[in-house]
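Asker: Here the protein sequences come in this chain order: Z and C.
Using our numbering, read the first sequence as starting at 1 and increasing by one per residue.
Using our numbering, read the second sequence as starting at 1 and increasing by one per residue.
Where hints are given, some of them may not hold.
Covered stretches of chain Z, as calculated for chain C (at least 3 residues, CB under 8 Å) [unchecked claim]:
#1 148–158
#2 176–188
#3 206–214
#4 234–248
Note that these hints are calculated values from the structure, not bench results.
Just so you know, even glycine gets a beta-carbon here, dropped at the ideal spot from N, CA and C.
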Amino acid sequence: MTLLEIDDLRVAFPGPSGPVNAVNGVSLKVDPGQTLAILGESGSGKSVTAQAVMGILDTPPARISGAVRLHGRELLTLPRKQRDRISGEEIGMVFQDAMAALNPVFTVGHQIMEVLRVRRGMSRADARRRAVELVDRVRIPAAKDRIRDYPHQFSGGMRQRIMIALAICLEPDLLIADEPTTALDVTVQAQVMELLAEIQRDSGMGLLLITHDLGVVAEVADDVAVMYAGRIVERGTVEQIFDGPAHPYTEGLLASMPRVDRRDDVLYAIPGAPPNPARLPAGCPFHLRCPRATDECRTVLPPLEVLPANRASACHHHEEVLGATRR
Amino acid sequence: MPPGDDVVLRVENLVKHFPLKGRIPFTSGGVVKAVDGVSFDLRRGETLGVVGESGCGKSTLARMLVGLEQPTSGAVRFGESVVHTAKGRELRALRRRIQIVLQDPYTSLNPRRTIREILLQPFEIHPDVLDRRRRIDRIRDLLDLVGLDPDLHLDRYPHQFSGGQRQRIGIARALALQPDVIVCDEPVSALDVSVQAQVVNLLERLQEELGVAYVFIAHDLSVVRHISDRVAVMYLGKLVETGPEASLYDTPRHPYTSALLSAVPVPEPAGRGQRQRILLAGDPPSPVDPPSGCRFRTRCWQATETCATTEPPLAAGVHPVACHFPLAA
Ligand SMILES: Nc1ncnc2c1ncn2[C@@H]1O[C@H](COP(=O)(O)OP(=O)(O)OP(=O)(O)O)[C@@H](O)[C@H]1O
Ligand SMILES: Nc1ncnc2c1ncn2[C@@H]1O[C@H](COP(=O)(O)OP(=O)(O)OP(=O)(O)O)[C@@H](O)[C@H]1O
Ligand code: SF4
Ligand code: SF4
Ligand SMILES: [Mg+2]
Ligand SMILES: [Mg+2]
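Next up, chain Z with everything else stripped away, as it sits in the complex (with noise of 0.2 Å):
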């Protein structure tokens, strides 16, 4: 059974001129042991999605609807305790900035310890046994000695790894993971996502991830949902997003993307800026900015419209990208 399921998702927030559409109509799944990407331009509803999916967006003010089903039950209209209790016990979170995440009152222990006992009902020295294998399962070295330690005691790439081992301890069925290594240099970046591939093939955890490394998205994910303007614009199996993308906001994204191994002399930008989710233009959101557009897009909205070999693109003119793209 798919693990989870968003449909239609749509998220507002009351804004000075009218409600900002921060979500608009986002559906995807993620299947249990699959990693499914997501990348977007930088506001185009990443993580407003991830904290819908969480249930930690305050409401009001914000407007959600729709429909999140995790193992096929719907969690939006669930009752708040009931589905803090789910978003608790079967989803994990982790975020770009371990610090905030963490108590720095408290030891690391300990927060893990309170977990175990709040939700788990475990004694104090089984939780605190359970937290040694956890914080030794994310290697931290001298786990049984670290967990005495407080959150600002540990480097970035560790509190990062901490805010892991908080985030699996209840073992959930799916972890969400909004930018968990932007802040981490590649070589802790490459144990982290080393380390969260190594926990899907354990215990079957679906992972969603939220990134805009480019580079991270190639080396782990199965399947890439890219978006744009609060919508779900292009999704596919990672090869065939990076292989040939099918809508020309990915195909700007690939060409943006600065290489390791040589120098070039300017970096290709999509012109333009993303439209204000308070007042999207008519027709393809994209159209302002995009070198294919034609009248047909200035006036209809593209449907995210399934193609062959299941991928989807919402643009009018897919087949003349992939034309374009395809290697």
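Following the hints, complete the assembly by docking chain C with the ligands onto the known chain Z.
Answerer: Okay, now just chain C with the ligands, sitting in the frame of chain Z:
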């Protein structure tokens, strides 16, 4: 000695030790050696990239360069001035000339001020830079420059922006007073690659037009390669290798640099799992009690007795390396 004509910032043996407050048993009274003897020259209109392990002291170095942190010893010279001994008028001039763009877009903007207020603030501190009536035009231009829409965004608060949008506001603020040096501490790591490309192109264009010099700190080695003229690699508070961009990336000489470069993820799914990666053993050692001799020796596959007893100096030259047994070119 004041820096020469083309040197805009001279960093001399900069050290920052944070005292430990006695929280950790056995080490109380010790210090965190965050930056431990860093020297370099930054030339006018140049970009120096700085890369290194999480926690190796990059942000601490950045904060000392702009006078936000008092060094334990050493000096940062700008023209005739020394950054952290300057006072009054001299200090104000320095503050205007050397700006910083911070790593964290979530905490670097005051949440209670609108974007308009945030961008006008530099002019309130330095009113002589621009006539009051022209300031609004300037900040509208700045927002435009960083890809935000002045009509829509001026009167919003920071929390109403995405991480990437906030980072662009921080860059606009740093550019407001047209400084000579901008220290960028991970200015693009929160941005998508296309916005990142826009910002990098923007920084490069401003450099050409205004001759501003950058110290550019980032974890993304591709971005650093693209923007930098020279690159410095830091490990546990010290520079271990510096060199021109092409020479350092194509022929790294320090084992740590080589490990770092080998860990860069490659954006080609087809090659997954086939790459040769140098896996470093263990974690970075504690900056409270760094290893004797070469600080990298606990993780270096080439370490010998000599490495444990004698610290390798960073020699002078175009592409110096602090290692007893540098890798062959
Ligand atoms: N609490 C909020 N109130 C009002 N608007 C918000 C709020 N949170 C987010 N937004 C808006 O919703 C949109 C989507 O934001 P979100 O944080 O999901 O972007 P993102 O895709 O995660 O971007 P980034 O890559 O920069 O992190 C943005 O336009 C943002 O300004
Ligand atoms: N105010 C402080 N008090 C005590 N220790 C500090 C303080 N600020 C930084 N440190 C320590 O100094 C060292 C260097 O930290 P710094 O933030 O400069 O690293 P960095 O290279 O910027 O890391 P990152 O890549 O994770 O941003 C770390 O060990 C850190 O814990
Ligand atoms: S629908 Fe038209 S404007 Fe939109 S991405 Fe496709 S070609 Fe470009
Ligand atoms: S000096 Fe020795 S330990 Fe240090 S990097 Fe060189 S070979 Fe390795
Ligand atoms: Mg986000
Ligand atoms: Mg830093």
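Asker: Go through the numbered hints given earlier and state which of them the structure violates, listing their numbers in rising order.
Answerer: none
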